[in-house]
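J.: Sequence:
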Amino acid sequence: VQSVALVRDQDRIEVTGDIDAVNLATLLRKKVGFAEIVQVSKADEKEKKESESKNKAAQPIMWPYISGVPHREIPYVMDPYPSYSEPPCSIM
Numbered sequence: 001v002q003s004v005a006l007v008r009d010q011d012r013i014e015v016t017g018d019i020d021a022v023n024l025a026t027l028l029r030k031k032v033g034f035a036e037i038v039q040v041s042k043a044d045e046k047e048k049k050e051s052e053s054k055n056k057a058a059q060p061i062m063w064p065y066i067s068g069v070p071h072r073e074i075p076y077v078m079d080p081y082p083s084y085s086e087p088p089c090s091i092m
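Residues in the sequence shown are numbered from 1 upward in steps of one, following my numbering.
Some hints here could point you the wrong way.
[To be verified] Pair by pair, the computed Cβ-Cβ distance ranges are:
{"#": "1", "residue 1": "Met62", "residue 2": "Asp20", "range": "17 to 23 Å"}
{"#": "2", "residue 1": "Asp9", "residue 2": "Pro64", "range": "33 to 39 Å"}
{"#": "3", "residue 1": "Gln59", "residue 2": "Asp11", "range": "41 to 47 Å"}
{"#": "4", "residue 1": "Gln59", "residue 2": "Val32", "range": "37 to 43 Å"}
{"#": "5", "residue 1": "Lys42", "residue 2": "Trp63", "range": "33 to 39 Å"}
{"#": "6", "residue 1": "Tyr65", "residue 2": "Arg12", "range": "40 to 46 Å"}
{"#": "7", "residue 1": "Met62", "residue 2": "Arg29", "range": "39 to 45 Å"}
{"#": "8", "residue 1": "Asp18", "residue 2": "Val69", "range": "52 to 58 Å"}
Because the hints were derived from the structure by calculation, they are not lab data.
Beta carbons: idealized from backbone N, C-alpha and C, even for Gly.
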């Protein structure tokens, strides 16, 4: 273990170095109570990620093309002049 730091703003303990994460969580649960492993990574990766995030430019968002389910259009037939098919007078 290289360093142990208590982050008071987030109620977390930050451990840097070689340690068994399951063993650490078990020991914390016995001594403190509730313990949860939030993130496990190498110490070098954290420094690289911080420098990479500063160097990256904002990339444009590429939205996927979603066409949905193919469908057929059903034509709606409508007689534009209904008066020609019906007699003009109901008596006749």
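J.: None of the hints should be skipped; say for each whether it holds.
T.: Here's how the hints hold up against the structure:
no. : hint                      : result
1   : Met62 / Asp20: 17 to 23 Å : violated (41 Å)
2   : Asp9 / Pro64: 33 to 39 Å  : holds (38 Å)
3   : Gln59 / Asp11: 41 to 47 Å : violated (34 Å)
4   : Gln59 / Val32: 37 to 43 Å : holds (42 Å)
5   : Lys42 / Trp63: 33 to 39 Å : holds (34 Å)
6   : Tyr65 / Arg12: 40 to 46 Å : holds (42 Å)
7   : Met62 / Arg29: 39 to 45 Å : holds (44 Å)
8   : Asp18 / Val69: 52 to 58 Å : holds (53 Å)
The structure does not agree with the numbered hints 1, 3 stated previously, though it agrees with the rest.
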